[in-house]
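Colleague: In case you want the letters, here they are:
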Amino acid sequence: MSTANSYAMNIRNEMLSRIKTFPIFADVPRFGKSPMLTVQSEHIPYLGVYLVEEQLSTDGDANAGEPRFKSHAKIGFQYVVQNNDPDLAEDKLDLGYWAIMTNFFEVQRWDYFANAVQIEGVERGSRSHHYGNAGNDNRTPYAELRADLTFMQREVFPPPVVDMLDSVHVTVADHVPYDPLENAPLYVIIDGLGIFSATGIAAGIGTAKGIGQ
Amino acid sequence: MAQFNIPDEVNRPNYDTWARPITVTPIASQRGAPAYSSRGILDTAETDIVSPDGAIISDSKLVLDIMIDEFPTPPKQRDIINIPAHMGVAGGTFEVADLIGDSTTGNAGGELTLVLREVIEPKPSP
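In order, the protein sequence lines correspond to chains A and B. First residue of the first sequence? That's 1 in this note's numbering, and the numbers climb one at a time after it. First residue of the second sequence? That's 1001 in this note's numbering, and the numbers climb one at a time after it.
A hint or two may mislead.
[Unchecked claim] Calculated lysine-lysine pairs in the BS3-like style (CA-CA distance at most 25 Å, straight line):
no. : chain 1 : residue 1 : chain 2 : residue 2
1   : A       : Lys33     : A       : Lys20
2   : B       : Lys1123   : A       : Lys33
3   : A       : Lys70     : A       : Lys33
4   : B       : Lys1076   : B       : Lys1061
5   : B       : Lys1061   : B       : Lys1123
6   : B       : Lys1123   : A       : Lys20
Just so you know, the hints here were simulated from the structure itself, not pulled from any lab data. Everything numeric in this text was worked out from a predicted model, so none of it was measured.
The following block holds chain B by itself, in its conformation from the complex (with noise of 0.2 Å):
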């Protein structure tokens, strides 16, 4: 039987240590509703995609950690959150692209990570 609960004796105090604050436009969970504040960690890694050739395009997987008990509906595909600067590290505009996991059980241990796309400025231009 598990020792602990794992959401709210492990997960959750790391999210009180290093969660961020987060803005969600829920325009694809809960469309037409207003945005709404909450909080979720933010990490990132390397990803290249590299085609066949050999051409390498340099690029970073961005995700967000939410506990999803914090969100009464888990953000969705297309969703936008918005990540502002916080403690010395910078934020900026995204959409959700995939959900790691379900978003009824998540990782298994109460959280869901959310895979995000950068909302940029089209190049070419329109």
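Just chain A, with the same shape it has in the complex (with noise of 0.2 Å):
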């Protein structure tokens, strides 16, 4: 994982890290990250965990500030098992479902992903059995569970400062023209920065908070 990818994407690495270390699914000979490569009968069983889309929305208004985006980032995942009997097929695939439910969510912080990413809450899931190709007359007896998450969490977009704000100039007076020796003093406050002397100007870095005399 790295910083370089996307939420989306370390949540989906992440999640297969820790799948991986669920006994149940031990004797899987190899996990899928995407649906690029078929599934072989030595792969089995097989299990991926794919990011299946990402949809965004917009966190607030759309046209104030930066891009802010709340995501919705639908994780997949397939299992994958051979058994001639129905039932013990269908047992299987549950078996490993709930195994991704329970040992995942039932974990404190579970939320909590590397590279600071940190899933807000679970919007929705589905799964769902199959049996074979859509004739029902393949060799093999596979089953296939279809499973997937979508989770929220946010995306902001901070634009690159490159005229950086160091200086304020302000000018302040009760008196126009102000003259310092006729005048009592004013002051500026600026934030962070204190109150400076404001004998016609006053310079510093921040924002101007108020002005008192």
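Build the complex from these two chains, which are given one at a time in their own frames, with help from the hints.
Modeller: Shown next as structure tokens:
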């Protein structure tokens, strides 16, 4: 995992890392991060954890400030077993599904991930069981769990500040024209930098917070 | 009118050439009956299992053609068929997953096609 990767990819990668440690999947010969490679019989039981899709919705007003999103990352799970007995095959799929749900969620701070990624909520999920191809005429008695969970977390893309505000020029006066010999001194509060005497001009770093006399 | 007797003049000579021995354990079609020997033509073709997200499980379709009149009681779904290695081609043990056509008329040429599912070691183990 890398900070160079998106939050959703970090979530996918760490979920797979955690799932690999679950005892029920100890004899899985191959784990997949994407469906790019076909699953062959020697890979059974097979477990894939995929980034199925990521939807972004605005976090706050879309037209104010930098781009801020609520990310809805759908993480898919594919667990494939083989068994000639349909009931046992289904039972294995269910055991795999429940192992993912319980071992993943019933852990303190399950929602914290590397690189400061934190899941704020699980919005929805689904699962279904499938047995072979559409015609159900394939040679190997495969049974397949397809499940997904959609996680919500936030992504903010602040702009790079190339014109840093490092000085403020303030002119204050209660008499115009201002004569420092005739008028009492004025003070300007620059946020974070204290109170400055404002004999016509005050300079400092920060934001003008108030004016005193 | 048909010019040929398809089962006897077309298909049976093919079976004499291409069929291989099989042993049927009729656990569904003749419950309790002993296994018996017969013959059939084995064929295979690729078929994949494709999920909506694009994941593909690679597999094949395996079929066994039999002559209906060579079986007093044709096999049914879940019967076990052992096909030993024959003429340099591997075999295996399979169960009947499906019949293409019905067991009376078959393909209307005297043949019945059995879709086979391999009897495999369960993974994960029970």
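Colleague: For every hint, state whether the structure bears it out.
Modeller: So, going through the hints one by one against the coordinates:
1. Using a Cα cut-off of 25 Å, the hinted pair A:Lys33 and A:Lys20 holds, with the two alpha carbons roughly 12 Å apart.
2. Pair hint B:Lys1123 plus A:Lys33 holds up; C-alpha atoms about 21 Å apart against a cutoff of 25 Å.
3. Between the alpha carbons of A:Lys70 and A:Lys33 the distance comes to roughly 23 Å, so the proposed pair stays at or under 25 Å and holds.
4. At roughly 18 Å between alpha-carbon atoms, B:Lys1076 and B:Lys1061 fall within 25 Å of each other, so this suggested pair holds.
5. Straight-line distance between C-alpha atoms of B:Lys1061 and B:Lys1123 comes to about 20 Å, which keeps the hinted pair within the 25 Å bound.
6. A threshold of 25 Å between alpha carbons decides the hint, and for B:Lys1123 with A:Lys20 the separation of about 17 Å falls inside it, so the pair holds.
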